[in-house]
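Novice: Produce the entire structure from the sequences given, and follow the hints as far as they go.
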Amino acid sequence: MKPNTLPSIYWCVFFDVMGLLTYLIPGLGGEFFDIGWAPIAGMAFFLLFNKNRFALFGGLFSFLEEISPGLDFIPTFTIGWLMRRNELRKNELQ
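Numbering (the working numbering), first residue to last: 31 to 124.
The set of hints was computed from the structure by calculation and includes no laboratory data. What you were told as hints is all true, and nothing was included just to trick you.
Simulated restraints on C-beta separations:
1. K120 to F62: 39 to 47 Å
2. Q124 to I70: 32 to 40 Å
3. Q124 to Y53: 37 to 45 Å
4. E122 to L101: 31 to 39 Å
5. R115 to F62: 28 to 36 Å
6. I65 to N116: 31 to 39 Å
7. K120 to I65: 32 to 40 Å
8. Y53 to I109: 12 to 20 Å
Predicted, not measured: the structure shown is a model, and the values here were computed from it. The beta-carbon is built from N, C-alpha and C at its ideal position, and this holds for glycine as well.
Specialist: What follows is the structure, given as structure tokens:
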């Protein structure tokens, strides 16, 4: 992926929904599932957002959000997509 591109919003929503599955589908293991999902989510964020400084901090935040009990409702990937899109639009105007 080129440095000035966005990942697909569909992928971002997909990863946010995956993080919510433990609450949406009873019996998936709740917070136990998040122990395995947190590093995957952090790495996915880093890779989706071009392995730069933004991606590093976003991936770390995504990891911490998933590993912390009760914070799975935060749509980290979608928020990251919106932030990155606004940054790219601001750069286009300059």
